[in-house]
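**Q** Residues per chain, in single letters:
There are 2 protein chains.
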Amino acid sequence: MGEHVIVCEVGPRDGLQIAKGRMPTEVKTRWIEALAAAGLAEIEVGSFVPPRLIPQMADTGEIVRAAVRIPGLTVVALAPNLRGAEAAYAAGAHRVSVPVSVSEGHSRANLNRMPAEQVAEVARITAFARAQERRMEVEAGCSTAFGCSIDGIVPPARTVAIAAALAEAGVDEVVLADTVGYAHPAQVRALVRAVRAAIGPKLTGLHLHDTMGLGLANALAGLDEGIRNFDAALAGLGGCPYAPGASGNIVTEDLVFLLESLGFETGIDLQALIAARAILREGLPGEPLRGGVAQAGIPRTFRAAA
Amino acid sequence: MGEHVIVCEVGPRDGLQIAKGRMPTEVKTRWIEALAAAGLAEIEVGSFVPPRLIPQMADTGEIVRAAVRIPGLTVVALAPNLRGAEAAYAAGAHRVSVPVSVSEGHSRANLNRMPAEQVAEVARITAFARAQERRMEVEAGCSTAFGCSIDGIVPPARTVAIAAALAEAGVDEVVLADTVGYAHPAQVRALVRAVRAAIGPKLTGLHLHDTMGLGLANALAGLDEGIRNFDAALAGLGGCPYAPGASGNIVTEDLVFLLESLGFETGIDLQALIAARAILREGLPGEPLRGGVAQAGIPRTFRAAA
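In order, the protein sequences belong to chains A and B.
Numbering of the first sequence is given in my numbering, commencing with residue 13 and proceeding in unit increments.
Numbering of the second sequence is given in my numbering, commencing with residue 13 and proceeding in unit increments.
Be aware that a few hints might be false.
What the hints assert, rightly or not - Residues from chain B shown here face chain A by an in silico Cβ test under 8 Å; the list is partial:
1) 164
2) 165
3) 266
4) 270
As the list claims (entries may be wrong) - Derived coverage of chain A by chain B (criterion: at least 3 residues anywhere in the stretch with Cβ under 8 Å from a Cβ of chain B; other residues may be distant):
5) 228-239
6) 270-281
Unchecked claim - Only some residues are given here: those of chain B computed to face chain A with a beta carbon under 7 Å:
7) 159
8) 197
9) 198
10) 224
11) 263
12) 273
13) 304
14) 305
15) 308
16) 312
What the hints contain is simulated information worked out from the structure, not anything from laboratory work.
Beta carbons: idealized from backbone N, C-alpha and C, even for Gly.
Kindly generate the complete structure, drawing on both the sequences and the hints.
**A** See the structure below:
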């Protein structure tokens with residue numbers, strides 16, 4: 013039995029927010045159920061943002077309330093501010109994920125705030141979460157940690173400083189996000205080391221995009237550095253409405269194939285995962301679905317193949 | 013100045029052999045010139061196979077004779093047998109690449125011979141090459157070294173034995189090929205080590221496909237093991253007509269982006285490489301062109317960007 017790696021499916025949030033079509037609530041719920049049934053133990057199911065900004069997320073409350081009824085599933089919801097975190101708590105989310113842009117350009121475009129102001133908002137969110145009866149974890153995602161399509165190079169020292177401030181603000185977990193897909197493996201290795209030196213095991217995960225085709229090479233570099241928690245999206249959906257040039261997340265199916273091939277244990281049934289693409293296609297008929305394993309078929313040599 | 017890595021462009025051979033359209037000779041020559049002008053120092057320009065089997069390669073003699081006039085370019089031609097190697101020599105190729113399938117199923121389908129018979133053919137080719145006035149290098153490519161869509165698992169010991177027999181047969185270089193794209197990074201690491209233990213520096217390169225989305229992760233694993241020579245195809249063209257399920261080669265543009273980002277020196281101008289896609293599109297209007305960097309644009313943070 014190999015070491016466990018957590019795959020957090022972010023398709024219902026990161027994948028749908030820039031989709032051209034709007035997935036019906038009933039299909040979204042069925043999709044999340046299928047993902048959970050395939051063995052995904054963590055799913056970011058939506059975001060609590062104003063519906064006028066991202067109409068695809070208008071039903072997030074309803075989606076969270078449905079998802080928390082799935083046994084064993086950790087339900088994550090994104091919230092850009094305290095108000096969203098309160099809504100996430102009210103709906104029953106197990107974890108709230110708060111984006112904090114490291115670059116000022118992306119911070120202004122995505123959050124209409126400077127990074128330091130957003131760190132202060134995170135502190136308000138952790139204080140709120142701690143004051144509640146039910147435990148809700150607070151995760152902070154450091155957006156544009158590997159570069160920004162608006163500001164260009166993002167100095168690693170700035171990411172380290174933001175991560176340290178977030179740890180200080182009381183978050184449970186910090187994730188480094190390659191929001192626009194500029195990362196390369198040497199950078200992943202260096203930044204993971206630098207951030208871990210500052211905040212230790214509070215650095216848990218990587219959120220990678222496949223913009224330049226390097227997504228899984230970057231995941232491999234993260235694995236080499238001991239990262240055991242990766243975001244990914246079924247069929248490689250995704251992007252960021254406020255990050256020009258950003259394209260899809262790493263493909264969940266291909267990531268699971270990589271992890272299981274390397275001897276890690278994900279708890280995910282690759283065949284069932286691929287089958288869940290049918291619901292995605294039903295709910296978003298116009299969206300291009302990516303993915304090597306799904307298109308080529310699971311190789312005969314795959315260790316988990318029946 | 014970083015360590016040098018050789019990228020051998022195989023698009024004109026591996027890429028075109030399964031293309032639905034047939035690229036006119038004049039366009040092919042212009043494409044090869046553009047690739048060389050972008051800094052690619054090794055190009056596999058075609059294969060000497062019977063035109064009735066692969067009509068796209070019928071003009072390989074003419075293509076080789078044109079390509080050897082490009083200053084500084086190492087012109088590689090594939091030849092499955094002595095007859096093809098003789099034609100490659102007659103046309104002036106600097107290197108002949110001979111495929112040797114490790115798996116029996118692929119060997120029969122692709123070469124109509126058993127692996128041991130093909131090793132004997134390679135010995136005849138090296139004897140022929142040594143007997144000529146002009147030096148022509150002989151490279152052997154171990155097809156299906158990481159698995160076969162016909163035979164399934166390919167035991168590493170068999171690849172090691174074939175590689176050792178090829179070294180014994182007098183080849184200059186051995187390349188390990190993931191013909192059907194089944195490889196994963198741990199397998200790349202292990203097989204490179206095992207083959208190097210058997211034949212030392214005669215193992216020079218990797219020929220990787222991106223079937224499961226793992227192509228560049230596998231290249232990274234190869235780099236970690238000291239491999240400094242990779243085949244790739246512009247726009248990720250490619251496949252094998254006799255390997256069901258095989259899809260495109262790793263994308264040259266994305267590989268160069270990876271290598272230069274990691275601090276390796278390729279001598280290739282990424283912008284000029286991307287521009288060469290226009291000729292490919294002109295010559296094969298119906299073929300889908302892949303590639304992250306070409307589609308997203310070279311990131312602002314790329315070190316070689318102007």
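**Q** If you take the shortest Cβ to Cβ gap from residue 304 of chain B to chain A, is it below 7 Å?
**A** Because about 4 Å separates residue 304 of chain B from the closest Cβ in chain A, which is inside the 7 Å limit, the hint holds.
**Q** The hint names residue 270 of chain B as touching chain A; please verify it with the least Cβ-Cβ distance against 8 Å.
**A** Constraint on residue 270 of chain B satisfied, holds at 6 Å.
**Q** Under the criterion of a CB-CB separation shorter than 7 Å, is residue 273 of chain B in contact with chain A as hinted?
**A** Check passed: Cβ of residue 273 of chain B comes within 4 Å of chain A, closer than 7 Å.
**Q** Is the hint on residue 263 of chain B kept, meaning its closest Cβ partner in chain A is under 7 Å away?
**A** 6 Å, holds
**Q** Taking 7 Å as the limit, does the beta-carbon of residue 305 of chain B come near enough to a beta-carbon in chain A?
**A** Residue 305 of chain B check passes; min Cβ-Cβ to chain A is 5 Å, inside 7 Å.
**Q** Per the CB criterion, is residue 165 of chain B less than 8 Å away from chain A?
**A** 5 Å, holds
**Q** Given residue 159 of chain B as an interface hint, is its Cβ closer than 7 Å to any Cβ of chain A?
**A** 4 Å, holds
**Q** Was the hint right that residue 197 of chain B lines chain A, CB cutoff 7 Å?
**A** Holds. Min distance 6 Å.
**Q** Mind checking the CB of residue 164 of chain B against every CB in chain A and telling me if the closest is under 8 Å?
**A** 4 Å, holds
**Q** Against chain A, is residue 224 of chain B within 7 Å by beta-carbon distance?
**A** With a minimum Cβ separation of about 4 Å from chain A (threshold 7 Å), the hint on residue 224 of chain B holds.
**Q** Count residues of the stretch 228-239 of chain A with a Cβ under 8 Å from any Cβ of chain B, then say if the count reaches three.
**A** holds (count 5)
**Q** Regarding the hint that residue 312 of chain B lies at the interface with chain A, is the smallest CB-CB distance below 7 Å?
**A** Nearest chain A Cβ about 4 Å off; hint holds.
The structure agrees with every numbered hint stated previously.
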